[in-house]
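Enquirer: Whole structure, please, built from the sequences with the hints as guidance.
Chains as they are written, first to last, in my numbering: chain Y, 1 to 246; chain E, 1 to 246.
One or more hints might be untrue.
Just so you know, same-sequence chains aren't split out, so a pair can sit in one copy or run between any two.
[Said to hold, decoys possible] List time: in silico DSS-like cross-link candidates among lysine-lysine, alpha-carbon distance up to 27 Å:
(1) K98 / K121
(2) K160 / K121
(3) K160 / K127
Just so you know, these hints were derived from the structure itself, not from any lab.
From a predicted model like this one, the values you see are computed outputs, not experimental measurements.
There are 2 protein chains.
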Amino acid sequence: MWTVKCGPVARHPNEKNAQVKQIVSTETGLLAIPLAILPVSAEVTRMTEEQFNDRSSLSAYLSSRRSGRPRNMVAPGPSDAQIEDIVAIAMRTPDHGKLAPWRIVSVAAGQRDQLAQGFRKAYLAAKPEAGRLELEGLDAMAHEAPALLVLLSSPVQSTKIPLWEQQLSCGAFAMNILHAAHALGFVGGWITGWPAYNEEVRNLFGSAPERIAGFLYLGTSNIELSERPRPELTDILSSWTPPIDQ
Amino acid sequence: MWTVKCGPVARHPNEKNAQVKQIVSTETGLLAIPLAILPVSAEVTRMTEEQFNDRSSLSAYLSSRRSGRPRNMVAPGPSDAQIEDIVAIAMRTPDHGKLAPWRIVSVAAGQRDQLAQGFRKAYLAAKPEAGRLELEGLDAMAHEAPALLVLLSSPVQSTKIPLWEQQLSCGAFAMNILHAAHALGFVGGWITGWPAYNEEVRNLFGSAPERIAGFLYLGTSNIELSERPRPELTDILSSWTPPIDQ
Numbered sequence: 001m002w003t004v005k006c007g008p009v010a011r012h013p014n015e016k017n018a019q020v021k022q023i024v025s026t027e028t029g030l031l032a033i034p035l036a037i038l039p040v041s042a043e044v045t046r047m048t049e050e051q052f053n054d055r056s057s058l059s060a061y062l063s064s065r066r067s068g069r070p071r072n073m074v075a076p077g078p079s080d081a082q083i084e085d086i087v088a089i090a091m092r093t094p095d096h097g098k099l100a101p102w103r104i105v106s107v108a109a110g111q112r113d114q115l116a117q118g119f120r121k122a123y124l125a126a127k128p129e130a131g132r133l134e135l136e137g138l139d140a141m142a143h144e145a146p147a148l149l150v151l152l153s154s155p156v157q158s159t160k161i162p163l164w165e166q167q168l169s170c171g172a173f174a175m176n177i178l179h180a181a182h183a184l185g186f187v188g189g190w191i192t193g194w195p196a197y198n199e200e201v202r203n204l205f206g207s208a209p210e211r212i213a214g215f216l217y218l219g220t221s222n223i224e225l226s227e228r229p230r231p232e233l234t235d236i237l238s239s240w241t242p243p244i245d246q
Numbered sequence: 001m002w003t004v005k006c007g008p009v010a011r012h013p014n015e016k017n018a019q020v021k022q023i024v025s026t027e028t029g030l031l032a033i034p035l036a037i038l039p040v041s042a043e044v045t046r047m048t049e050e051q052f053n054d055r056s057s058l059s060a061y062l063s064s065r066r067s068g069r070p071r072n073m074v075a076p077g078p079s080d081a082q083i084e085d086i087v088a089i090a091m092r093t094p095d096h097g098k099l100a101p102w103r104i105v106s107v108a109a110g111q112r113d114q115l116a117q118g119f120r121k122a123y124l125a126a127k128p129e130a131g132r133l134e135l136e137g138l139d140a141m142a143h144e145a146p147a148l149l150v151l152l153s154s155p156v157q158s159t160k161i162p163l164w165e166q167q168l169s170c171g172a173f174a175m176n177i178l179h180a181a182h183a184l185g186f187v188g189g190w191i192t193g194w195p196a197y198n199e200e201v202r203n204l205f206g207s208a209p210e211r212i213a214g215f216l217y218l219g220t221s222n223i224e225l226s227e228r229p230r231p232e233l234t235d236i237l238s239s240w241t242p243p244i245d246q
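Expert: Have a look at this one:
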């Protein structure tokens with residue numbers, strides 16, 4: 001889809017695009033300009049959108065993993081049985097002390113209007129002067145994608161396992177929900193936004209000390225996925241330098 | 001390896017073992033009794049340890065993912081180039097605002113004695129009366145497995161993205177480090193323990209507001225992996241019940 005010239009050798013076609021896009025983005029303020037206008041050298045990578053979430057092998061998948069945007073998700077979404085499979089697979093998440101400090105509440109397709117009502121009520125309670133656009137945005141959020149899983153961090157308080165580890169495990173569990181959805185051929189997206197931080201919304205699904213860790217939308221993307229910038233490896237990985245006084 | 005009788009149909013051989021083991025564990029207080037002594041019915045699953053981390057497909061892998069124990073990890077571990085690959089793959093982690101609020105410090109094989117010294121110094125500063133066994137445990141922790149990656153949560157403070165999301169992203173990143181290591185044929189284990197919560201140890205690798213999110217050990221298991229109990233699906237997944245007042 002894109003033909004790009006690359007400078008330093010990139011680790012993966014996706015990253016190469018990300019690097020180019022990041023440069024383009026920085027220089028122009030635009031993210032989606034046609035990259036084909038760049039000069040083509042011998043070092044060329046052609047990347048098609050179909051390469052995202054490539055399930056031909058575990059490595060290919062992990063190297064091409066990409067979330068989808070809920071507003072672009074259409075049917076088919078996972079069936080109830082597939083949602084059970086997705087959650088069951090994701091339960092294989094590291095979890096110190098075997099506390100399973102996370103859980104999923106699945107919102108059915110027929111309940112989206114009620115969810116929208118719940119969001120709206122909570123929002124108006126917090127912001128009585130809310131404008132039309134804000135309320136429309138909330139309403140859209142309640143209706144997006146064929147499947148919606150509300151992820152709750154459910155820490156166990158009567159344990160020696162620190163809350164910190166229980167929260168990290170929740171993030172790992174969310175990651176595995178997305179992987180499991182992708183394994184079944186769907187695309188997933190992990191979204192937060194205003195409702196994730198409102199107590200009244202949290203009370204629709206759970207109770208303190210539970211906390212919304214995100215809304216996991218699942219479905220089929222009606223547009224081709226596109227790459228987003230990723231960090232530079234050298235910013236993320238470093239070699240340890242022991243202190244000199246040792 | 002194990003021959004087990006099962007009751008209700010389980011989703012996956014691993015889970016079946018987990019269910020049986022959980023029952024056995026509850027009833028006997030022992031986790032590792034030979035399951036082959038149980039009577040064998042028509043509904044039998046034979047599970048070999050080799051089924052863990054089955055890389056034949058993405059679904060097979062996710063359904064059989066299992067961490068290893070650092071103390072059982074031996075060579076070969078990942079090379080420096082493979083560690084770069086593992087971290088690069090894991091950088092494809094959901095991360096609201098593209099902050100990359102996590103990083104890895106790799107401790108080389110030749111630096112383990114210095115790491116042990118660092119742990120010991122910090123421990124003795126906090127607990128001057130420390131006993132021999134405690135210090136030996138710390139020393140072992142510093143020396144385990146061929147490869148050791150220190151994972152830091154590195155939140156960005158000058159942003160509208162809540163700390164909560166940055167921490168959850170760190171948990172997701174850790175999950176992907178393990179997946180990436182497994183994709184390359186190694187086994188990974190995510191460990192915390194005393195050093196993960198000590199400021200002096202944190203200062204060996206980073207600085208506030210960074211926080212150690214775990215020690216990620218990578219290598220090859222010198223024993224067969226074994227299943228651990230997993231939660232019941234019905235405890236983790238529920239259908240939403242909207243409030244009646246709507």
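Enquirer: With reference to the structure, classify each hint as holding or not holding.
Expert: Against the structure, the hints:
1. Taking the shortest alpha-carbon separations for K98 and K121, neither the intra-copy value of 37 Å nor the inter-copy value of 31 Å comes in at or below 27 Å.
2. Proximity of K160 and K121 under a CA criterion of 27 Å is satisfied inter-copy only: 24 Å between copies versus 38 Å inside one chain copy.
3. Only between protomers do K160 and K127 lie at most 27 Å apart by alpha-carbon distance; the minimum there is 19 Å, versus 39 Å within a single protomer.
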